[in-house]
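Engineer: The lines below spell out each chain.
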Amino acid sequence: MLINCVAYEDGAKLADIEVEDISDYVARPNCFVWVALSDPVPEELAALQEEFGLHELAVEDASHGHQRPKVEEYGNSLFVVMHLVEPVMTRGKVEEDFNVGEVDVFVGRNYVVSVRSRSKAGFLGVRERCEREPELLRNGSGFVLYALMDAVVDRYFPVIDSLEVELESIEKQIFDQGGAPRESIKHLYELKQRAMVLKHAVAPLLEGAGKLHGGRVPQICAGSQEYFRDVVDHLTRMNASIESIRDTISTAIHVNLSMVTISDGEVTKRLAAWASIFAVCTAFAGIWGMNFEAMPELKWRYGYLMALGLIVGTCGFLYWRFRKAGWL
Amino acid sequence: MLINCVAYEDGAKLADIEVEDISDYVARPNCFVWVALSDPVPEELAALQEEFGLHELAVEDASHGHQRPKVEEYGNSLFVVMHLVEPVMTRGKVEEDFNVGEVDVFVGRNYVVSVRSRSKAGFLGVRERCEREPELLRNGSGFVLYALMDAVVDRYFPVIDSLEVELESIEKQIFDQGGAPRESIKHLYELKQRAMVLKHAVAPLLEGAGKLHGGRVPQICAGSQEYFRDVVDHLTRMNASIESIRDTISTAIHVNLSMVTISDGEVTKRLAAWASIFAVCTAFAGIWGMNFEAMPELKWRYGYLMALGLIVGTCGFLYWRFRKAGWL
Amino acid sequence: MLINCVAYEDGAKLADIEVEDISDYVARPNCFVWVALSDPVPEELAALQEEFGLHELAVEDASHGHQRPKVEEYGNSLFVVMHLVEPVMTRGKVEEDFNVGEVDVFVGRNYVVSVRSRSKAGFLGVRERCEREPELLRNGSGFVLYALMDAVVDRYFPVIDSLEVELESIEKQIFDQGGAPRESIKHLYELKQRAMVLKHAVAPLLEGAGKLHGGRVPQICAGSQEYFRDVVDHLTRMNASIESIRDTISTAIHVNLSMVTISDGEVTKRLAAWASIFAVCTAFAGIWGMNFEAMPELKWRYGYLMALGLIVGTCGFLYWRFRKAGWL
Amino acid sequence: MLINCVAYEDGAKLADIEVEDISDYVARPNCFVWVALSDPVPEELAALQEEFGLHELAVEDASHGHQRPKVEEYGNSLFVVMHLVEPVMTRGKVEEDFNVGEVDVFVGRNYVVSVRSRSKAGFLGVRERCEREPELLRNGSGFVLYALMDAVVDRYFPVIDSLEVELESIEKQIFDQGGAPRESIKHLYELKQRAMVLKHAVAPLLEGAGKLHGGRVPQICAGSQEYFRDVVDHLTRMNASIESIRDTISTAIHVNLSMVTISDGEVTKRLAAWASIFAVCTAFAGIWGMNFEAMPELKWRYGYLMALGLIVGTCGFLYWRFRKAGWL
Amino acid sequence: MLINCVAYEDGAKLADIEVEDISDYVARPNCFVWVALSDPVPEELAALQEEFGLHELAVEDASHGHQRPKVEEYGNSLFVVMHLVEPVMTRGKVEEDFNVGEVDVFVGRNYVVSVRSRSKAGFLGVRERCEREPELLRNGSGFVLYALMDAVVDRYFPVIDSLEVELESIEKQIFDQGGAPRESIKHLYELKQRAMVLKHAVAPLLEGAGKLHGGRVPQICAGSQEYFRDVVDHLTRMNASIESIRDTISTAIHVNLSMVTISDGEVTKRLAAWASIFAVCTAFAGIWGMNFEAMPELKWRYGYLMALGLIVGTCGFLYWRFRKAGWL
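Protein chains in written order, with the numbering used here: chain S, 99 to 426; chain C, 99 to 426; chain F, 99 to 426; chain Z, 99 to 426; chain P, 99 to 426.
Just chain S, with the same shape it has in the complex:
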């Protein structure tokens, strides 16, 4: 679906144009065309491929989707793939899974084609912000690429934050004595999966974006190098955060197992201690329950009291010992 198609000259918007008129505008020297598509049908992509002379392999990637994030040069043009990672909401509740969309951007000297797939969150705000800053937009298509990249990357931050918040809530649960270790561990496992999804969005993009500043930079991005470095910096920070989260989850899984083992050990000790106390009690009672004829104490007046006293005393002594040993 074509969302919009606009021509810009010297950083200012010229007009909303038709796809057929594109070739008129791209011929002008300081002019570039910015086309936005969403879940396009093959014909739409084919039309644009012809208009802008996009490379066959790049178009194939864009129409197949499910690419890993990357920044590829085809001659003087760039093909950029980014992931959109969005928490799934069903009936106002966040589900424990991510929806992974994709933005593919074709950038040439005088055009930008952005193709959004499998995601509902558009980039109209990016276009508006760009149009409000014509002095930056004058940098041309490279700056538009930066603006799109920056918008995508900025959307990762809240996702990473929410992972960190979830992780903290699990940590509390782990160290809480009445916790539910089964749920904690399941939650940790799911969290690790989601951290991996984010990792696969961030790490390859970081690698790709690194080619857009410093050293040998594609012509189109040369004027916006410092902006791309800013994006790389954000991605580096995110990457470190995700690594921290993954590392912490691994530790938390170990720690959770330790807490369970400790907890189980305590309960086992307590129950076993009580069982021992009653076993002693039963053993004593069993002895005086024997049917021997010659058991003088059975006939004593206070034999029964003595027996009860002995039993209660022994049990009490054991209780005191176990208490002291910290088992009860």
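Treat the hints with care, since some could be wrong.
One copy or any two copies: either way a pair holds, since identical chains are not told apart in the list.
Said to hold, decoys possible - As a list, the in silico DSS-like pairs of lysine-lysine whose alpha-carbon atoms are at most 25 Å apart: (1) K270 with K422; (2) K218 with K297; (3) K309 with K111; (4) K422 with K397.
What the hints contain is simulated information worked out from the structure, not anything from laboratory work.
Position chains C, F, Z and P relative to chain S; hints supplied.
Structural biologist: Relative to chain S, chains C, F, Z and P alone:
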């Protein structure tokens, strides 16, 4: 076994030719010969070695088989080894093991020799596709190498997908309370082995294929660089997926152990709690089973009821306490 | 909040100046201005941005805060972000958390702007020390950057030391038989989190600072290269220490679990051994408590004594066996 | 001990010569001398050091032995250290340890000195093979180095294979319910040690041999580059195999622990379930064993049968429940 | 404390000289001065700093001590820090801790200053050995640096060996059934700490020493390159050994836990099996201890024998079953 031997000129098929006639065709300027072999006998390889002047070490590798995937330059020619990883099917059921075949490709300016070993899945489709696109096949032997590589790599995708599906089914089993931890862990272990087989197919090929685009590229592949980058891109994605799978398996093994420990702990607690309740019951009964003469309560009219009441009451109290503590 | 704003010439302090007068001083050849801010309002930053021509993206980073440590070149000027890691004290007691502040430094040929955020510990001492050594301060703004960096880095040492001390105290607790494994493991987990905070302060700064000595060095720092190498050396040492701490914590978590398992095993064995002894006792008593008519030993004169002897003997034998096996 | 000392010219054997005559032969242009020693005494090494002008440090290394594998250049000559890893056999049975021998090779333009230590397996076969292929031996001393290296490396393959076979047999034992976990884990541990010995033989040699092909290659090896690449390729494959083995062993240790925990849990559950059933039985019996006078059911005609029925019924019910829960 | 101060010319000792006369000797072309200090007071360092023009930062490092091992260039001079790792002996017994001393070496074209701190083991032997080999000492101050480095590095070998011996003794203890897991694990933990101390001595020195051979080498060391490569080679070997030790310790900790779990499981099974046997025994006895009037078997002549027979038979059957299952 020779499968076929065809000469191409300017991207179009000239003729099926005999091995003896090869030298006539390779002498022509824009002509190349594409020979396909399957599990060849040494004589067949020797004949081709002479026709094309293949390097002794490369031919030795191809006839021994069981090489690791690699891309080697011998002067102006290339020798490429790729693994074919195929699930084994016996009577319509997928077995938990892979059949690892091998494709060795010799590529020179005017010839391609592909040698398939220990695998039944041929590459006729690749040849047909190439012949349908003469404008691409005009790129010469380098493009044929790409086409073969692409076909091999594309066959890894369903294998990786099936590993991911299996992994998910084990995950369900792990978090399912009535699960079979013994089977889960065995399955995880086997899965890890298979992921390693895939890893050994993908990672070295990724490394080797990286030499075919960007930087200093062998002459033969120069015209198809962007295609090889596409292959590298696929391999990079696969490599990341395999790493994810391996990492997830490791976590799953830990998590499985944790779940078992938690589950065992719960059962132990429950059984021990019940045992405690009955031990108390037995202890009380034992006391009134003693044979002391002077046990006044034995003669009370409602002594028995009182005793039963006390026993049931105590057990009930314990039951309530254990329930509250979450052990029952 | 502006803390101070001083002009220096040839390494000596000229005068405390007003922000408006800055442009007069930066014009002089051997003169530079050093401005210190603390948690500035946007207007203050904007004013300095204009005075010194600071780059928009750097100013944005400084006003947003929460950057990762970095050393960035903007043309001939540098933008440096460093973390301040301070233990939180409440009522004289160290809390188990860090306060992470930030120092952002803009350095140009003839100015230094240091912006401190979210931290109470100032850098007046650094300025004083610099003013006492005019022969070093003559090196210009690069040397001021070194002095600030050195001060920040030196503050990490006691923090790392305190982590090491805490770790040692936990180690003692782990190997102490009457230890509290639950607390140990919680403490280890918290320690790992804090080590990670430090890591995120040290590692990226090490990476960034590495660009300030050896190889291609920014013009401003060229004269102070050996000083920056010294800072890098300190950071490298810290980084190694933090890695050691993290590694040791991981080992300690494993070891703690092992100690708990060993401890639990010992207690379980002891309790189970006692339970066995009493179970044997009960079983014997049960047998002579049966009501068969024809049980000759019940009528023996010393039957009871014999029974008691047998019971005590068997229990004694078991006690001796268990003792020998190390279970009691 | 001097094994043999032969002069070669243009790839063909000239004569077995005496150590004293060496200098006559090395002076000829296309001639080189190949000396083989085994566990030499210092005098033998000293004599050769003088004849060929070997570097003092290299000779020291060779006489001390116990070097790590390496490839070192001394001016125009090479000094290569390789490990020989051999399973120890005592009375026809393979012991669980490796004998680590050493081959040190000095290579100059016109000489090769190979020194074998602490190993009984000689390299006569290598010499014979070389002499059968004069067209390759014409490449000079570099080719002899390749031939020796290839022979050493080829001997690693069966060792690695045997490790893999052993690992598989342990795997079977782990997943076998009647397995011996204690032996499995001990075996795994020993296997890991041996894998480490192999690793220390292969990895440094791989690193060193990498310098002998591609990029800047020592003069002596220039003509045999592709052969050395072949050796590197074998070493890379071995290195990957060893890494796989190590990784698999780590996983297997974890999995073994899991299997033990699962097994123990099952047995504990079963025993505890039976104990519960009998505890219930005992508790009931205890109640009717009390000596209260007013226990009407004791006088019922079918009281006993009723009691037995109740006891058996309850136990049967418990048995059914436990069975359903999978504990029995 | 000044240990000695000697001038050398052309590799031969000239004279023991006074600190004040140093400047006379360093002026001569082929002459250099070698000063050795031990735990110097600041004045001694200051005097030498003036005599040789040592860099301020290097002197600061040397007087502070506790640096990480490093090799730093200050213009044409070198500053080298090395650790001395010595087992602590108290009353003839090796303690489980290391004493970490330090040697700081300043090397210029015509001087060597070695500063030993916190260690009693001197380097007189190094000086003597150097003086015995004037043809090597002629290489100048660089060779002295090599000799010192070699001496320091050679002292690591016995320390690493002792770690390996200790590790082997723990291994034996782990696999010994009557072992003391608590002590093993504590010992392993301490061993890992000590391995880390060694690692911190070896790894950074390896990194630093790598700059002294191959590639761009400091002028002073140019003539002794091959000697420094030898040192690097030793350090590489040590580094690999330490890594092996660390890896083995980690595995050993896991294996120890596994052995404990297996051992505990066996004991638990055995005790639980015995408890089950006696519980069965008690249950039977309980039934015939009930006080029902109508229990015909109680009146049978051989009822008691039958009961005993049944009890013993059942217990025997259980014993046989448990034995077969390997629990007893």
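Engineer: Flag every earlier hint the structure violates by its number, smallest first.
Structural biologist: 3, 4
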